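There are 2 protein chains.
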Amino acid sequence: MSKKLTKRSEDYSKWYNELVTRADLAENSAVRGCMVIKPYGYAIWEKMQAELDSKFKETGHQNAYFPLFVPKNLFEAEEKNAEGFAKECAVVTHYRLKNNPEEKGKLMVDPEAKLEEELVVRPTSEAIIWSTYKNWIQSYRDLPILINQWANVVRWEMRTRLFLRTAEFLWQEGHTAHATRQEALDETILINDIYANFVENFMAIPVIKGVKSESERFAGAEQTHCIEALMQDGKALQAGTSHFLGQNFAKAFDVKFANKEGKLEHVWASSWGVSTRLMGALIMTHSDDNGLVLPPNLAPIQVIIVPIYKGEEQFSAISEVAQEIKQQLVDAGVSVKFDDRDNVKPGYKFNDYELKGVPLRIAIGPKDLEKDQVELARRDTLSKSFISKDSVAVVIPSLLKEIQETLYTKATNYRDEHISEVNDFESFKEILNSKGGFISAHWDGTAKSEEAIKKATKATIRCIPNNTKPEDGVCVFSGNPSKQRVLFAKAY
Amino acid sequence: MSKKLTKRSEDYSKWYNELVTRADLAENSAVRGCMVIKPYGYAIWEKMQAELDSKFKETGHQNAYFPLFVPKNLFEAEEKNAEGFAKECAVVTHYRLKNNPEEKGKLMVDPEAKLEEELVVRPTSEAIIWSTYKNWIQSYRDLPILINQWANVVRWEMRTRLFLRTAEFLWQEGHTAHATRQEALDETILINDIYANFVENFMAIPVIKGVKSESERFAGAEQTHCIEALMQDGKALQAGTSHFLGQNFAKAFDVKFANKEGKLEHVWASSWGVSTRLMGALIMTHSDDNGLVLPPNLAPIQVIIVPIYKGEEQFSAISEVAQEIKQQLVDAGVSVKFDDRDNVKPGYKFNDYELKGVPLRIAIGPKDLEKDQVELARRDTLSKSFISKDSVAVVIPSLLKEIQETLYTKATNYRDEHISEVNDFESFKEILNSKGGFISAHWDGTAKSEEAIKKATKATIRCIPNNTKPEDGVCVFSGNPSKQRVLFAKAY
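The listed protein sequences derive, respectively, from chains H and W.
Residue numbers for the first sequence follow my numbering, so the first one is 18 and each next one is one higher.
Residue numbers for the second sequence follow my numbering, so the first one is 18 and each next one is one higher.
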């Protein structure tokens, strides 16, 4: 605890890794690229889950559960999707271990227990789900199907980072089936809007809604809608995606329905997901050199109460007040903890809760008792003030709201200051490397220019923003005509 | 819908399979032994999860998440555990597919992408978790660790049945670490009690608490506590287990802590779990030849309202009353649906909701409107009555409570009538085959007799019940002395 975190300005990446492990959010495991999500980190994820789940249900979605494994022949059915994920998937080939005759106490794969057909550990579930929907859909009356699944998925990433890119991660994946193209498109956009509202209002992270360029699309999609956030180091992070799949999966799995006229048509589809990656976005949007900063909506502990005392008598008097305040806060719907441990000092506790991003800290010492006050410290601004003991239950709930809004405003200001309109490639490169952030530039719409820009700068098209006005211009790279600006950035 | 379910008396197993699929609970998938849990079935599972999760949290447990994969060398560390699961585990050997050069559009395992060390898909997580705890535990101050995980696990069962035995299933698994043997034992029993209370009070399934004989214990445990339920066909079903692991995993993974005196000791452990298997117990405890019967606590829809009408005018008048009643019920905390579909007849709806186990059905026809009444049908007793429209919001909540209790009482009576005290092996066999159920008999405590009885009758020792009084007797099989009766049964 004594050691300070690496400063963001020194080494942003190191700061991130240290913060994640020292704030008890997650750690690397004995399995390459797979993480352990620790209780404190998982409690934050549970809050995200609960909120998102209620939004899905409010809009008519139901949860279900589909198999972890995808037989290889189903996996390869939708060609683009298969191609997109084949290079990074875990494959189950055997169903038994046996004793190793050459090494006592050791096990080996039993060659007799080879599967006839290999099983892919799902990197995403379109294939297994559409092979199931085939049996569920006969008529337009069976549509729409609006299903979501909370699950683990595996993508064999070579370079992994806690939360941001891990071989196994947790997510939700929605898979919907519709009678018309328009309905599936509407669903795709509805969900992208739900994601945007959730990430902005609940996580206090501003996002830009838009669509992906063809080369950045989900493998197998006709359109990928997305929300893009900006991290403090000027790199973008894709926070959620919602795909319009057209009839691709319906065709790959031969899923047809009889329309009202009795004619057979292929079904239209969407799929969409957000993952534990959002934890990375959360951390990198709000936190500072002292550790995690949590928006009150997501904080497992919103208020920590720390007693400052010498001797049993003081402790007992302070505890009484602390318990009283705690109860008032609980009654006001605030999540609060009284840390009465006697084996660590207040300073240690202060640092620890700062590191863990608890939004508000109340400290109570003997002088405060005399003055009927408590010391209140805000995690986001690191400012302190004294408030009357009797006003706690009134002040704190509104202060938590204020902190939530302040964090959002701060992040929005940062983001807005880091969108640069650029009209030539030299400035593009210069600004990307000096200031970072989003670069709003004209692009000729070709994969060739996109690829060349990426190669030259490592910047990708994050999205074609929904709110961009058409504007005639010339491509920042090729000089060819362009109809609108798109957003480039280096990205996680 | 028109076809009736197979009767339980004709073919219990067929009845079960038909019910599970036709009530939209689950179905087999394209992956051998893996099921799809459909939205209606998953909604029931979610209710179980929410209730159990709150009970775990109330008793100081936190959720976390550990990797899906267990490297083979960790898997084999605790020898008995490894031996118990090695024969039925899915093994990941490769991390990439590539295009099959011999068959266009097909993929094959890339031999270049062979893992140096194979990964076992977790059949249970003791190994991966204890290899993690090793780094979390130094001192007695780090203890206890009280962690639960909601996850999927894979056991390569050869004969699978929806919910009861599937290659992949969903469960929660708790893994706790303690400074003393007594603490770990207390935890083991606390959890078994939580399971018993949950299954009895929430699922309306009576259970017998007890401990397993040595040969029925969890691989790697020193004691396995369990709750055993009895199905309508006279077979027992293990509904939950809580294991006292002693120091076995701490020794296998070298997990030690410094006690208050600064001396290093191995940590004590428990682990415990319930799974989607509980869905099977739920179905087989309460349901009948018309389909599922759900205790109101678990019913996604507690009350269904069906209008009976001819023509638009009647429909509109009935709808108005239905909506009014619906709102009253929602306000009373009841989960209610008004089925106003016009493309299926009331009789179809009646059958459908009966099949799905909706506890109460309200039917409203034109005559009911005249009389200011509604027809109320109970799913559990299939009885009907008329109640005044204005009393609905008062009658129904208390009736739901009554149904919950009635189901529990009915199941308890059935169970109690199916515990037979038996003193000789001929009666043992005779009663097992004619009446079924639990057989309470003396056993000499040896694995030899236990095995011989199993071989001769297919009955296993379900548990040594906690509430059995010591009683001198002779083993029903060997004639050797015995100190108490244990419960035998054929089991799922």
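You may find that some hints are simply not true.
Same chains, same names: a pair is fine if it fits in one copy or spans any two.
Unchecked claim - Here are the simulated lysine-lysine pairs, DSSO-like style, with alpha carbons at most 27 Å apart:
no.	residue 1	residue 2
1	Lys388	Lys115
2	Lys97	Lys226
3	Lys115	Lys104
4	Lys406	Lys500
5	Lys115	Lys131
What the hints contain is simulated information worked out from the structure, not anything from laboratory work.
Since this is a predicted model, take the numbers as computed values, not measurements.
Hints and how they fare:
{"no.": "1", "hint": "Lys388 x Lys115", "result": "neither (72 Å within a copy, 73 Å between copies)"}
{"no.": "2", "hint": "Lys97 x Lys226", "result": "within (25 Å within a copy, 53 Å between copies)"}
{"no.": "3", "hint": "Lys115 x Lys104", "result": "between (29 Å within a copy, 7 Å between copies)"}
{"no.": "4", "hint": "Lys406 x Lys500", "result": "neither (61 Å within a copy, 64 Å between copies)"}
{"no.": "5", "hint": "Lys115 x Lys131", "result": "both (12 Å within a copy, 19 Å between copies)"}
Comparing the model with each numbered hint stated earlier shows that hints 1, 4 do not hold.
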